[in-house]
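Read top to bottom, the protein sequences are chains A and B. My numbering numbers the first residue of the first sequence as 9 and each following residue consecutively. My numbering numbers the first residue of the second sequence as 2 and each following residue consecutively.
Don't take each hint at face value.
[Stated by the list, open to error] Here's a subset of chain B near chain A, in silico, CB distances under 7 Å, partners left out:
id	residue
1	L9
2	C35
3	L62
4	N65
5	D77
6	R78
7	D92
8	V102
9	L104
10	S132
11	P134
12	V151
13	M153
14	V158
15	W198
Hints listed in this document are in silico derivations from the structure and should not be mistaken for laboratory results. Cβ atoms here follow ideal geometry from the backbone N, Cα and C, with glycine treated the same way.
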Amino acid sequence: MGADGREVERAGPAVTAGAPIAAARGLCSCHVCQLVSRRTGNGRVAHCPRCGARLHFRRPGSVQRCWALVIASYILYIPANALIMMETGSLITYRKDTIVSGVVHLWKTGSWMIAVIVFIASVAIPLLKLFSLTLLLISVQRRSTWNPRQRTRLYRLVEAVGRWSMLDIYVVTLLAALVQLGSMATVKAGPAAVAFGAVVVLTMFATMEFEPRLIWDPLQKEEFHD
Amino acid sequence: MTDRTAQLIACHECDLLQRDIQLNPGCYASCPRCGAVLYRNATDSVDRTLAYTLAAAMVFLGANVFPIFSIEVQGDRSAITLFGAVLSLWDQGMRSISLLVFLTAMVAPAVELVSITYLLLPLKLGKVPPSYPLFMRVLQFIEPWGMVEVLMLGVLVSLVKLTHNFRVIPGMALWSFAVLTLLLAAAAASFNARDIWGQMDARWKEQAPQ
Chain A
9 MGADGREVER
19 AGPAVTAGAP
29 IAAARGLCSC
39 HVCQLVSRRT
49 GNGRVAHCPR
59 CGARLHFRRP
69 GSVQRCWALV
79 IASYILYIPA
89 NALIMMETGS
99 LITYRKDTIV
109 SGVVHLWKTG
119 SWMIAVIVFI
129 ASVAIPLLKL
139 FSLTLLLISV
149 QRRSTWNPRQ
159 RTRLYRLVEA
169 VGRWSMLDIY
179 VVTLLAALVQ
189 LGSMATVKAG
199 PAAVAFGAVV
209 VLTMFATMEF
219 EPRLIWDPLQ
229 KEEFHD
Chain B
2 MTDRTAQLIA
12 CHECDLLQRD
22 IQLNPGCYAS
32 CPRCGAVLYR
42 NATDSVDRTL
52 AYTLAAAMVF
62 LGANVFPIFS
72 IEVQGDRSAI
82 TLFGAVLSLW
92 DQGMRSISLL
102 VFLTAMVAPA
112 VELVSITYLL
122 LPLKLGKVPP
132 SYPLFMRVLQ
142 FIEPWGMVEV
152 LMLGVLVSLV
162 KLTHNFRVIP
172 GMALWSFAVL
182 TLLLAAAAAS
192 FNARDIWGQM
202 DARWKEQAPQ
């Protein structure tokens with residue numbers, strides 16, 4: 009990290025001709041501070057001249073790590089939906105709800121708006137995330153050139169909505185902490201909450217690990233690594 | 002700031018190399034190839050972000066100190082604060098969930114608020130805070146994990162669920178969370194990382210002896 013000896017490309021050629029890709033010109037955009045600098049010292053570890061972060065043309069091992077996280081999420085998604093998310097007990101009734109049966113119960117008892125919100129956050133978004141990441145990973149591995157703009161938008165959507173699936177975790181936490189009135193009424197968090205929480209965290213890491221620039225690389229003749 | 006217009010920028014989503022142009026306040030630049038937002042020029046970025054952040058920090062304290070809501074059943078009253086809920090879940094044996102809620106609803110927003118203040122307050126006073134790249138990095142890492150707005154929705158959903166069976170009394174923290182959600186969104190909208198890197202860089206070079 010230092011102001012001296014830093015090499016920054018300034019006022020390059022007109023950027024309209026073709027599609028000038030930073031990596032194709034030996035330029036590297038820092039993933040922390042976005043400074044574009046020339047990577048010097050071939051084969052050696054390069055650091056950003058401004059912030060000192062390690063420079064990579066493409067995040068190394070991104071596809072493999074993203075696959076690992078996605079597969080782990082698929083596996084955990086099964087107990088997250090099969091096991092009990094929340095137990096609700098009172099003097100009269102005792103219910104054990106999975107994520108889906110909780111949504112159905114909300115719908116039947118007339119809270120259809122809440123049912124829709126919980127359905128989107130707990131069922132639709134996790135599935136959207138998993139299927140989208142799978143689609144993106146497969147298309148990137150096959151070096152597909154199909155509709156890169158739409159696939160980038162899909163990635164952006166996954167990135168933006170991912171956090172909202174934490175909703176059910178917060179609801180369970182608040183209810184389980186508040187409704188502890190002995191025999192009068194109790195709410196307990198079930199084992200599915202742990203699995204579901206793990207799915208949310210793992211899919212968020214998977215989304216961060218995915219490298220959207222890989223979607224665009226097949227349009228180039230060169231291949232970029234590290 | 003003289004070389005700002007001449008600088009190159011590579012799109013973080015498709016790596017297209019482009020020239021950084023000066024934007025009018027309130028405008029943003031997007032990548033012509035993939036449509037990603039490259040950078041924005043938020044009006045009075047530093048001042049506004051700092052103001053929203055300091056306000057958010059105060060509201061954040063309130064949101065954590067006061068109870069979110071309480072319920073009443075036959076004279077039995079039960080109230081919770083956010084941290085109370087985290088502790089209660091820990092005691093019930095759901096430690097991973099308790100930790101997850103603690104980290105995403107309390108630690109991450111707190112780190113975010115502290116980092117922004119640490120970076121912007123000295124910058125506003127014309128100084129460069131020590132090891133600012135580290136804090137910029139922390140901020141970038143922690144940002145996706147702060148989920149106050151999701152928690153806010155969770156509070157509302159719980160509220161509706163509870164009103165079926167109990168008399169629910171909203172607490173001070175409920176309003177605090179609502180205000181906090183707005184303030185954090187406003188702070189995020191006016192924060193301009195690219196500009197801060199540029200300013201820090203320029204100041205740092207001024208201060209450094211030759």
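Against the structure, the hints come out as follows:
no.: 1; hint: L9; result: holds (5 Å)
no.: 2; hint: C35; result: holds (5 Å)
no.: 3; hint: L62; result: violated (20 Å)
no.: 4; hint: N65; result: violated (14 Å)
no.: 5; hint: D77; result: holds (6 Å)
no.: 6; hint: R78; result: violated (10 Å)
no.: 7; hint: D92; result: violated (9 Å)
no.: 8; hint: V102; result: holds (5 Å)
no.: 9; hint: L104; result: violated (10 Å)
no.: 10; hint: S132; result: violated (10 Å)
no.: 11; hint: P134; result: holds (4 Å)
no.: 12; hint: V151; result: holds (5 Å)
no.: 13; hint: M153; result: violated (9 Å)
no.: 14; hint: V158; result: holds (5 Å)
no.: 15; hint: W198; result: holds (5 Å)
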